[in-house]
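Protein chains in written order, with my numbering: chain A, 64 to 356; chain E, 64 to 356.
Mixed in with the good hints, there may be bad ones.
It does not matter which identical chain is used: a pair holds within one copy or between any two.
Unchecked claim - Capping the alpha-carbon separation at 25 angstroms, the derived lysine-lysine pairs in DSS-like fashion look like this:
hint : residue 1 : residue 2
1    : LYS277    : LYS243
2    : LYS243    : LYS170
3    : LYS93     : LYS77
FYI, nobody ran anything at the bench for these hints, they're computed from the structure.
Number of protein chains: 2
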Amino acid sequence: MLLIDGKKIASEIKQEIAREVQQIKAQGGKTPHLAAVLVGHDGASETYVAGKVKACEEVGFTSTLVRYEDDISEATVLNTVNELNNNPDIDGFIVQLPLPDHISESKVIEAIDPKKDVDGFHPVNLGRMVLGMPAFISATPAGIIELIRRYEIPTSGKNCVVVGRSNIVGKPISILLSQKTYPGDATVTLCHSRTRNLNEIIKASDIIIAALGKPEFVRADMVREGAVVIDVGITRVKSEVTKSGWKLIGDVKFDEVAPKCSYITPVPGGVGVMTIVSLLKNTLLAAKCEIYP
Amino acid sequence: MLLIDGKKIASEIKQEIAREVQQIKAQGGKTPHLAAVLVGHDGASETYVAGKVKACEEVGFTSTLVRYEDDISEATVLNTVNELNNNPDIDGFIVQLPLPDHISESKVIEAIDPKKDVDGFHPVNLGRMVLGMPAFISATPAGIIELIRRYEIPTSGKNCVVVGRSNIVGKPISILLSQKTYPGDATVTLCHSRTRNLNEIIKASDIIIAALGKPEFVRADMVREGAVVIDVGITRVKSEVTKSGWKLIGDVKFDEVAPKCSYITPVPGGVGVMTIVSLLKNTLLAAKCEIYP
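Take the sequences, apply the hints, and build the full model.
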């Protein structure tokens, strides 16, 4: 069994990005600049955005944080999006989700210039991805693809199950792993709450992507010997062992599943830590105009 | 075994559209108007476009055909797209594919205003479809969904195999049948040239969508008793029986597969005849501003 070390890979990629930023600056180029819009004071959102700002500093990007209170109007947010679209110094930006109920998330996302949509949530980027065109791919699926690539895990012709059909993980990763490329060329089955023979499908799979958000759902008896297991689940549960009183649990019962796997991602330290790196990579791509030349 | 009569359904839908157009006109509304851009003299393209123009007449739409020779420049085509985008009388338009090699199809498609993209080929419409948002859905997948709906074929929790991962059929229909809706909620496996155990997967499926373009590929021994078979393949082969000297063959060996099925589409007269109807439906939706209010 080989542990897929997301932390190590994430750190390597950050160093690669930092090096490239140094080169760009040394050649007199513009420093990549990521902006984030944060509405309200949701605890998780605050943490995520702070992590993104910190990661920008680590790799030498400029970052800008635009903050609004919960009661900001949709029009103001849309206006901010428009300003960021038109600000030539901003290479890419994100609007941290969720937004308050009175603001339409899809309206805000569709207002973002696809060229600056480094979260990859705009329908144009999703559609381009489906078509196999250059696109900003959202953080979690991009992180999974990167882990598979760095560990050179074979995917062509493999039977792959994706459990969970969310817009930001299940659907895009199922499409990416089906594409005629590497990583890809897998035979992907997308499972969800209505799937009848889920255990049977998981058991028959060479690659298992667990993204259903049910802690420790995947157990040893459901996994075939030698399977590759990618655990996307992150559920915070109380713990008497940790200092914080909380711990993170994945969708896979790691201790019993790991011995059967050829590769497995831990939680934490697996897919989760890759997401910020994916955002940084997209921002660099945006700064270099590589997706939309 | 129940034959899915695409011809009958297509004719019913055309009558429904014609009735709605009459009502719109009776209330003093604007007649829906579809434009088609045809470059060159490809035989199949000529036939398709002529069929589309004729179908417009049948349901009471206005249609406009813009024709160019093979040597037209990309800039001129893009300019025409721009004019059609800005022409308030045109509700929707298509650029018939394929285009000559010197014209970038993706550039032309991305230049179309998504609000008028009644072929559903623009990445925005594909992305919106993936996200479950209102979208123009391309003709073949929309036709399949409509046949399933009209015949009230159960899909929730069914194991469905889609054979073929093309951008205009395999990928979109696999996404649509996975969505949390009806028709949908199926457990979909997307198969392709790299799939290793294709026969086994087909044999285990309740619903088989054959869209690989290999005549009579699916045979009786590959299909389980009671399966639903949707045949998207259309290959023209020589025939000594027909007057034209040609006949159309599907991806399914109909004579031997049909007796095992609960439902099956014939070729011709199945999915194929639904495509023009899907285009008409999209044009009506565009005229009524239902997708993009």
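Now for the hints, and whether the structure bears them out:
1. Proximity of LYS277 to LYS243 under the C-alpha cut-off of 25 angstroms is restricted to the inter-copy arrangement: shortest distance 19 angstroms between copies versus 31 angstroms within a copy.
2. Within a single copy, LYS243 and LYS170 get their C-alpha atoms only as close as 32 angstroms, which misses the 25 angstroms cut-off; across copies the closest is 21 angstroms, which meets it.
3. With identical chains, the CA atoms of LYS93 and LYS77 are at most 25 angstroms apart within one copy only, with a shortest distance of 18 angstroms there and 57 angstroms across copies.
The structure meets every hint from the earlier list without exception.
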